[in-house]
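Q: Please build the complete structure, drawing on both the sequences and the hints.
Residue numbers (our numbering), protein chains in the order written: chain A, 1321 to 1743; chain B, 1321 to 1743.
Hints are all accurate, no fakes.
Below, in silico cross-link-like pairs of lysine-lysine (DSSO-like), each with a Cα-Cα straight-line distance of 30 Å or less: (1) Lys1441(B) <-> Lys1363(A); (2) Lys1595(A) <-> Lys1609(A); (3) Lys1377(B) <-> Lys1441(A); (4) Lys1518(A) <-> Lys1363(B); (5) Lys1650(B) <-> Lys1522(B); (6) Lys1363(A) <-> Lys1450(B); (7) Lys1595(A) <-> Lys1363(B); (8) Lys1363(B) <-> Lys1441(A); (9) Lys1713(A) <-> Lys1650(A); (10) Lys1595(A) <-> Lys1377(B); (11) Lys1653(A) <-> Lys1713(A); (12) Lys1702(B) <-> Lys1600(B); (13) Lys1690(B) <-> Lys1438(A); (14) Lys1377(B) <-> Lys1600(A); (15) Lys1392(B) <-> Lys1739(B); (16) Lys1653(B) <-> Lys1650(A); (17) Lys1650(A) <-> Lys1650(B); (18) Lys1392(A) <-> Lys1438(B); (19) Lys1702(B) <-> Lys1713(B).
Hints in this document: simulated from the structure, not taken from any laboratory.
2 protein chains.
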Amino acid sequence: MKKQNPAFNLSRMTNKIAPSRRKFLKTALAGAGAAAAVPLSAKADDYITPSMTTPGKAFTPYGMPSGHEDVKRLLRPPGISPGTGGSLSPIESLEGMITPSGLHFERHHNGVPDIDIKAHKFLIHGLVDKPLEFTIAALDRYPRISRMHFVECGGNSAANAGSPTPPQVTAGGIHGLISCSEWTGVQLGMLLDEAGVKPEGKWILAESADAAGMSRSIPLQEAHEQGILVLYQNGERLRPEQGYPLRLLMPGWEGNLNVKWLHRIKVTASPTMTKDETSKYTQSLKDGKANQFNFIQPPKSVITRPSGMMTMNGPGYYEISGITWSGHGKIAKVEISFDGGSTWTAAEMPGPVFSKCVTRFRLPWEWDGKAVVVQSRATDEKGNVQPTRAAWKDRFSPAQFYQYNAIQAWQIGADNTVKNIYV
Amino acid sequence: MKKQNPAFNLSRMTNKIAPSRRKFLKTALAGAGAAAAVPLSAKADDYITPSMTTPGKAFTPYGMPSGHEDVKRLLRPPGISPGTGGSLSPIESLEGMITPSGLHFERHHNGVPDIDIKAHKFLIHGLVDKPLEFTIAALDRYPRISRMHFVECGGNSAANAGSPTPPQVTAGGIHGLISCSEWTGVQLGMLLDEAGVKPEGKWILAESADAAGMSRSIPLQEAHEQGILVLYQNGERLRPEQGYPLRLLMPGWEGNLNVKWLHRIKVTASPTMTKDETSKYTQSLKDGKANQFNFIQPPKSVITRPSGMMTMNGPGYYEISGITWSGHGKIAKVEISFDGGSTWTAAEMPGPVFSKCVTRFRLPWEWDGKAVVVQSRATDEKGNVQPTRAAWKDRFSPAQFYQYNAIQAWQIGADNTVKNIYV
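A: What follows is the structure, given as structure tokens:
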């Protein structure tokens, strides 16, 4: 078989990073490959595994991961109540673009409410001609749309912003407040039209039915154009931790604007100035002022393999792989640097590349075993580029950590360690 | 707000089925809408739900659906052992294109083996220059690809093929041996190249490490070009029921060719004629002969909403919605008929439309409350069209049921019932 293997076309890479396909295969066999595949010794036709001699387990109504796996959300120490705080997606153990719903990050302000889908009501009121009340069964009758989008907490990656020394944890431990799902629901604009927004209605207040009454203000025009009332996540009903039975999705916008356990939207003339947009989720500037209503999550990328706390396997072939996203639209490119940011090489994004969605990037790499710093830098279709940590820090007060999107650098040591560093 | 709502653009529909957007909104408000939203009576600012007065649940390492949901796989009565048979995806309760991994259909020949990922070995042997043995850790070092593809059991929809009267069950009860995931793994062709296939190697045997030793023969060329050794499903490690820790994926090919719990591939000169391709998964013809090696799943579509066993809510607006797929490539169009198949109207496929992948279709519809038969018909990009049941039955012996892909018709009654019928 001499056929080209189309998806692994190393000729599309630069020669600097990637060897030719022929050279890669030779290297894989001689170097990394020798550590990977080994010549077969046993007589394979007689190779019977223990699992082939014992009938397996019966069928189950709802499946779970193998008991041999231990990939879990990273639970942070809780805050003022057991349900206040966050848990992070273990992004270093995940692949592709979809986050399995069981591992979607959590950020709750007072726990996960237990809501009966049959009893839940959703209200549209305030500056409307006709205040409306919907059951979920009523919402289920409207036309639906399905879209793949990320949700990222505004506080994601804060550990790198705030800690004077780089925290030595996993990629998920730093950046795991990002997840990506296929969301299905009803366009908010349709329901606002049904209620009939009065001319003086310029904002909405979206409120959660959780015990924190989490609520945010959103400009009416963007809510009407972009808002989705989500009923389904990755094919099934929303998970409790993501807002069951109803959440607002503002694709690409800061996480807590995507109000979970949504029970009312009030049309208002101006922002409501809730506690969640005054005491939190603002950006402290150097002059003592604060930016409020910073809606859109900026572009970011994280190399998840290799990443912090992993151990390299010695010199040889590696696939550098990670995730990238931007609240402004599609990712245009992700570049990788191996020389402290002097030169950059484009990674592959084999697709799909959706707007306001996690995109997987990959780059084949032959490691010579010497100490090296690996960084990734995302650029979105609007031209926004991930800044360096220094450039990011220069914009804000030392206390600011929301929407931190600086370049992540991993220090790979000759001793096979992978460490978080600031460059 | 007078803005157009771009994704719900009824002007793209034919006038015959869909009213104009203006008319729809009027109808929604006066008819179906009146049953949906109701005017608000309570003072909304004071509307406090019970969940707002009690702290919610704490964080969890791995999430599950709400306890208020009861969407489960449909377990068929088991066969000769508790792990022999199938369970079906409840497609009538799902949305979008992704099947949540917990609800992916199951088809096992002797249960779900319990395999330790650290101990599992995968062999390539037979007509190769260099027989190879891989651990999963070794496979993890190769370049990966991620793709969204369906897997459909060759026996899916058999109830409609075999039963002389239409079975009155849900859409999932008939057609639920279809699921769709984002799969990530290593291209088989790369590993076959590493082993070095001898010129006389023209087929492979792929064998499972389950207690049935489930195995199939696949032509080498297609296995090399299209085969993926899957390690991840919807972002996390493969689920046990889908082949943990390793399965073969032949996108678009009959389900059991996507061998789960894969432990060896043997390169052979000709097909091995295993029990799973001689006693089963062949197509019985009228002349007493059988077609063997029917690899590719033909195009199919199923309206999942409304569908069998559902109850309509009286006249008014409905969104007709369903799933469609073809093993030959992308779906080119799905058409809906309301008049027994005389005329057909194109449904919307808002996308994404991927090759060999489930695609969601939607069509707004105003039901007048009278008895009507609703059918969907898929055409793929190669021009393959779903046949009528009569045309399909005419090709085979009465005992044949594999790869049944005839048009599904639902009889909607004036009494709000939805029944499976043959047309």
